[in-house]
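Enquirer: So the chains spell out like this:
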Amino acid sequence: MTVQLVYLVAALCFILALKGLSTPRYARAGNLIGAFGMAIAVVTAYVHGAVHNGLLILVAMALGVVVGIPAARSVKMTAIPQMVALFNGVGGAAAALVALAEFLAVPTSSVLFRVATVLTVLIGSVSFSGSVVTFLKLQELMTSRPVVLPAGQVVSVGVAVVSVVLAVAVSVFPSGFLLVLLALAGLALGVLFVLPVGGADVPIAISLLNAFTGLAVAASGYVLANTLLIVAGTLVGASGTILTRLMAQAMGRPLTNILFGAFTAPALVAVAGEQRTVRSGTVEDVAILLGYAHSVVVVPGYGLAVAQAQHAARELVHLLETRGVSVSYGIHPVAGRMPGHMNVLLAEADVPYEQLKELDDINPGITSVDVALVVGANDVVNPGARDEPSSPIYGMPIFDVDRARAVVFMKRSMRPGFAGVDNTLLYNDKTTLLFGDAKDSLTKLLAALKQL
Amino acid sequence: MIDLLTIFVLAVFVGFEVVSKVSTILHTPLMSGANAIHGVILVGAILITGNAESALELVLGLLAVFLATVNVVGGFVVTDRMLEMFKGHKR
Numbered sequence: 001m002t003v004q005l006v007y008l009v010a011a012l013c014f015i016l017a018l019k020g021l022s023t024p025r026y027a028r029a030g031n032l033i034g035a036f037g038m039a040i041a042v043v044t045a046y047v048h049g050a051v052h053n054g055l056l057i058l059v060a061m062a063l064g065v066v067v068g069i070p071a072a073r074s075v076k077m078t079a080i081p082q083m084v085a086l087f088n089g090v091g092g093a094a095a096a097l098v099a100l101a102e103f104l105a106v107p108t109s110s111v112l113f114r115v116a117t118v119l120t121v122l123i124g125s126v127s128f129s130g131s132v133v134t135f136l137k138l139q140e141l142m143t144s145r146p147v148v149l150p151a152g153q154v155v156s157v158g159v160a161v162v163s164v165v166l167a168v169a170v171s172v173f174p175s176g177f178l179l180v181l182l183a184l185a186g187l188a189l190g191v192l193f194v195l196p197v198g199g200a201d202v203p204i205a206i207s208l209l210n211a212f213t214g215l216a217v218a219a220s221g222y223v224l225a226n227t228l229l230i231v232a233g234t235l236v237g238a239s240g241t242i243l244t245r246l247m248a249q250a251m252g253r254p255l256t257n258i259l260f261g262a263f264t265a266p267a268l269v270a271v272a273g274e275q276r277t278v279r280s281g282t283v284e285d286v287a288i289l290l291g292y293a294h295s296v297v298v299v300p301g302y303g304l305a306v307a308q309a310q311h312a313a314r315e316l317v318h319l320l321e322t323r324g325v326s327v328s329y330g331i332h333p334v335a336g337r338m339p340g341h342m343n344v345l346l347a348e349a350d351v352p353y354e355q356l357k358e359l360d361d362i363n364p365g366i367t368s369v370d371v372a373l374v375v376g377a378n379d380v381v382n383p384g385a386r387d388e389p390s391s392p393i394y395g396m397p398i399f400d401v402d403r404a405r406a407v408v409f410m411k412r413s414m415r416p417g418f419a420g421v422d423n424t425l426l427y428n429d430k431t432t433l434l435f436g437d438a439k440d441s442l443t444k445l446l447a448a449l450k451q452l
Numbered sequence: 001m002i003d004l005l006t007i008f009v010l011a012v013f014v015g016f017e018v019v020s021k022v023s024t025i026l027h028t029p030l031m032s033g034a035n036a037i038h039g040v041i042l043v044g045a046i047l048i049t050g051n052a053e054s055a056l057e058l059v060l061g062l063l064a065v066f067l068a069t070v071n072v073v074g075g076f077v078v079t080d081r082m083l084e085m086f087k088g089h090k091r
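Chains A and B, in that order, give the protein sequences.
Under full-length UniProt numbering, residues 1 to 452 are what the first sequence spells out, in order.
Under full-length UniProt numbering, residues 1 to 91 are what the second sequence spells out, in order.
In case anyone wonders, no lab produced these hints; they're calculated from the structure.
Accuracy of the hints is not assured; some may be wrong.
[As the list claims (entries may be wrong)] With the C-beta cut set under 10 angstroms, the calculated list includes, among others, these residues of chain A facing chain B: (1) T23; (2) G34; (3) V84; (4) V155; (5) V159; (6) A160; (7) V162; (8) V164; (9) V191; (10) L195; (11) A293; (12) S295; (13) P383; (14) G384; (15) E388.
All of these numbers come straight from a predicted model, not from anything done at the bench.
From the three backbone atoms N, C-alpha and C, an ideal C-beta is built for every residue, glycine too.
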């Protein structure tokens, strides 16, 4: 009775946590409420449920804390998305293991129980291996481009069919061996599912896998007849699904296109040998351009974050403002590696919240902007997304910086952006390129501006 | 069984409802926070391990406890770090 009451309180905490996390003002409090709910639930489960092996459980939890906290504390803000992916993956793996262990203990219970077991193991495994692949992609330990295996679609469908057959088989004849096979099929399915997802879309896959883990946890709640697991898992599954849809909307593309686009997109023909000229300028040219402008929009991207140039950017903006230039930041919803990622990064650098402007604030007045300074961004200012239906990122809302009076593009190299798409803006007459590391260039620019 | 199903269906609606309007700024922290919450599988892992009878169950259970703990503490800590960045910029 008391146990159930504690679980009820914990479930309420989780609901309040999600509610809080949806509003800027209460987000941090929401997270703490969630942590509190988790703490009381875990303590209660330990006190009432750890009949045997109490010490071993404590040791395992201590190890988890020793691994988890330093990892979460030391991760760079730029690497947050892959960290979330990893935490999500281990959660999925834990759910699959729980169901597996319970099945080994009581394999002969009802069919419904076995269906729940099968779902937990399958979804948990998919979530685990899928998350690992997203981690590898974002950490750039493997290519971030979509990977389409030869006959990938056939293989994926084949593995999916095998998984379903195994799932039905285990539901009918309880067999530990088949359940392990199902887990392996799930692992393969997770890999096959994420491989064709292109780099810029990986965060959406993470969000979806996050929802999957939630569902696996909910299914494990049926296995254990535990209401808290059902409620919490379902909450995450449902909210995660909505969040995934919102993210896809922010990128202006339907979810199916993001997940399966690599299979249907026409192969890009490389325009080899075609000579297109770009104009690269010196730091001094750019300093003059910026220093005597009336209005400037800074469009930061992941390159700024990688170079840790947030602080240099803020100083530059400050200096421009003291010269009477009106400056704002144009923050694309998917700037960085995840929706909202850039806001976190700039907040870290103490950029005032009010200077961060969204697409709808910037684009209507873009023609009267003197200089658009693009720092380490690429895909979010690519006019191809607006003008070329054949572009893989067609339909994604962009900053129309090509309509500003001048564009300064700070880039490390001519390499295309994360989505691997060439950017015609680079060859535009209005565009001045400034090659180099973002932080380096901004620092030099700052020095040059002070000379004016 | 029907009780559990009722709970499930109601939770789906609550889940949809709580995040139906959220600004893009908070997408990343919200995902991360939800990620921490599904670490509640730790409760299941503890219950399983606490009643484990064979060595295999024990090993699987302990592994699950370890992984779920990483999920929980890592998830909440990383979310808090993200949200900490926002403080001080609001009225």
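Enquirer: Each hint should be assessed against the structure and marked as holding or not.
Expert: So, going through the hints one by one against the coordinates:
| no. | hint | result |
| --- | --- | --- |
| 1 | T23 | holds (8 angstroms) |
| 2 | G34 | holds (6 angstroms) |
| 3 | V84 | holds (5 angstroms) |
| 4 | V155 | violated (28 angstroms) |
| 5 | V159 | violated (24 angstroms) |
| 6 | A160 | violated (23 angstroms) |
| 7 | V162 | violated (23 angstroms) |
| 8 | V164 | violated (22 angstroms) |
| 9 | V191 | violated (19 angstroms) |
| 10 | L195 | violated (21 angstroms) |
| 11 | A293 | violated (26 angstroms) |
| 12 | S295 | violated (23 angstroms) |
| 13 | P383 | violated (22 angstroms) |
| 14 | G384 | violated (22 angstroms) |
| 15 | E388 | violated (25 angstroms) |
Checked against the numbered hints given earlier, this structure breaks hints 4, 5, 6, 7, 8, 9, 10, 11, 12, 13, 14 and 15; the rest are met.
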